[in-house]
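Protein chains in written order, with the UniProt record's numbering: chain Z, 1 to 242; chain S, 1 to 221; chain D, 1 to 72; chain V, 1 to 223.
Think of the hints as simulated: they come from the structure by calculation, not from any bench. Careful: at least some of the hints might be erroneous.
[Said to hold, decoys possible] Distance windows between CB atoms, simulated: (1) V:Leu205 / S:Asp21: 20 to 28 Å; (2) Z:Leu15 / S:Asp21: 16 to 24 Å; (3) S:Leu35 / V:Glu59: 57 to 65 Å; (4) S:Ser125 / D:Asp9: 54 to 62 Å; (5) D:Ile8 / Z:Pro43: 17 to 25 Å.
Beta carbons: idealized from backbone N, C-alpha and C, even for Gly.
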Amino acid sequence: MAFDYFANPARFLRLANAVLPWCVGATVILLASGLYLGLFVAPADYQQGESVRIMYVHVPAAWMAMFVYTNIAIASILSLIWRHPLADLAASASAPIGAAFTFLALVTGSLWGKPMWGTWWVWDARLTSVLILFFLYLGHMALTHAFDNPARGAKAAAVLALVGFVNVPIIKFSVDWWNTLHQPASVFRAGGPTIHPDMLWPLIAMGLGYTLFYITLLLLRIKSDLIGARLRTLDSLRQDAA
Amino acid sequence: MTGAGGIIARDLKLALRQRSDAVMIVLFFVLTAALFPFGVGPEANQLAAIAPGVIWVTALLAVLLSLERLFLADYEDGSLELMALSPVPLEFTVLAKVFAHWLTTGLPLIASAPLIAVLFNMPASALPTLAFAMLLGTPTLSLIGAIGAALTLGARRGGVLVPLLVLPLYIPTLIFGVSAVDAALLGFPVRPHLLLLAGILLISLVVSPLAGAAALRQANE
Amino acid sequence: MDAFRTFIDMGSYGDYVWPSYGLTVVIMAWLVMSTLRRLRAREQELARRQGEFPARRNRGGAIDTPKDAASS
Amino acid sequence: MSAFEARNLACSRAGRRIFAALDFTLPAGGALILRGANGSGKSSLLRVLAGLLAPVGGELHWDGKAVNDDPEAFQDNICYVGHGNAIKPVLTVHENLAFWSKLYPPKSAEGYDGLLDQALETFSLTALRDVPGRQLSSGQSRRLSLSRLITSPARIWLLDEPSVGLDDVSLKRLEAAIAEHRAGGGMVIAATHTPLDIADADLLLLQDFAPPAIDPELLENSW
């Protein structure tokens, strides 16, 4: 089985160390070109003017919010069913990154909304769903660290992530429903299918750049957690020796 | 299934002999709701307008308050281990305990909701819809709450953790519960709202025993 | 100079555009810093304590762990 | 003849190995006493045997079949008395025992009532039958917890410090109950510090299975 291969941390570390420089390089190139295209090449929107440039940091952050949560859910399945040791580390290392992106999506969305709507916060369906997703992240992180035994925290968080993942579409649907009941449809549409190609390219570059940024950080964090686990083993060996 | 029945009977007997727990939950529900007029003013129309929301939010908080007693005592005295070892599948055990929990919290909340409706000047025409929506919604609150309660067994600060885990998952129930009553007040059809509440209940009926049992097994390790 | 000023002004939306980019940079930088700081600290501690036990250095990692030691 | 067997069992708690390469074979009617210092893993071993705790290595066999093939079916064969007495303060002695007993099929054809009375009699609890759990002393609570053994149809008894808090008379009763259970082909595995008089019981010293103090392989390859 392919994923059994990485049941050995030494093997995983070797691969991670080999891949990391490439990840860092690609992240830097993609983010730099995305910023250049977004700030200098892409045209202003005929309705929203220059404020549309917020899209290039906002939309990829919102993508990542969802993408990272999906990854956590997949890792949770691997952890609960196949008990793969890497999966727990991947989930717990992903959560803070996902939460940070979700936070960014919220704040940049609010900064984009202020000139468009005239207020910092509207209970727009999209923003509201992302806010709830942010709470799901916080709960996941809090549960991961709520136990003296880290393994127990990881397993409990895996169950929570799966329950949350089942709930995300329900929450999205209910918030959309609630929003249409209470508000006129929003004039504010981030992205959309009829986007100008000069706006699409920076968006794609930033989206890929964010994804690679996440992968780079994930590898670094797993590496760091592996060392942490080894230090804990050393601790218990010392206790045994005493 | 007789075993699951035994667990329901036992939890009901326990709740009956510790009546003050259930009474406290209802008192909390009524008292918290009664605070709102002091916050928003005594104007009758305004109170009527916020009544469905107030009833649902306070019911939700009351359920949250009651979640601790769902598994904690059984976890601490070793009962949970014996239940995990018994021939009754742990998934059924979770369902049985949730059912008993609902009978001793959800049902009293439904019974006392009309009192708040009257205090808030809510038209009586919406009362059947409120009761029906709560009948479909409060079991979901108990089911989802059980997952949170089971996951936090043995955790540091378990008590503050549960709301953080559970409240975001309560939002769909809150939305459709309130919208059903709002629809009834405005004379719109309430059926779609109630059907959605029933749909969420069905999903929770599947997810909660599975996740709850998995969490209890972890807690027993 | 004027080109620079119009760029900063962002068609009068500069007050919203630049904080968005700025916060993104700050948060991402913070993620990188905190990750690296923790990694460095742990690497140093491991290096310091590696001599504590006569652990056989096994860089090759050829030995398959029984899946056991897992989950720690 | 049925036997209960552990092969190459290993267990760790919170990432720390507590025992490894543990083997035993317990024939029908056999008894096994677990001994070891605090933290040597007596309770953990019992919890592994009960199926509450997953071992990190090795397997259990019952009747020649691997327990892992059908863990639920195997659990019908065990009655576990752990540290927790699982007694509800607001239920009476009889109600407490009846609840746990009725989760299982009755041991004998005559039904639960006779069994419950017999169990209470065995541990001299008949007089306390209608006393609520909160009024019991710790020794009485322990006896109530042990009385579940009498109503249980299980072949294997797993006892974690069963004699804690018991007076001499109760201790004798426990020993007699164990002897009777074994005479009927039952098996007993008990962790205990205090001397428990069990005829020709095997002794398992957990320190014999302690992992090596320094395990370099574990150090390099563990998560």
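Hint check results:
Separated by about 47 Å at the C-beta atoms, Leu205 (chain V) and Asp21 (chain S) break the suggested range of 20 to 28 Å. The supplied range of 16 to 24 Å is broken by Leu15 (chain Z) and Asp21 (chain S), whose beta-carbon atoms lie about 54 Å from each other. For the pair Leu35 (chain S) and Glu59 (chain V), the beta carbons lie near 59 Å from each other, so the given range of 57 to 65 Å is met. Between Ser125 (chain S) and Asp9 (chain D) the beta carbon distance is about 57 Å. The supplied range of 54 to 62 Å therefore holds.
At about 18 Å, the CB distance of Ile8 (chain D) to Pro43 (chain Z) agrees with the hint of 17 to 25 Å.
Comparing the model with each numbered hint stated earlier shows that hints 1 and 2 do not hold.
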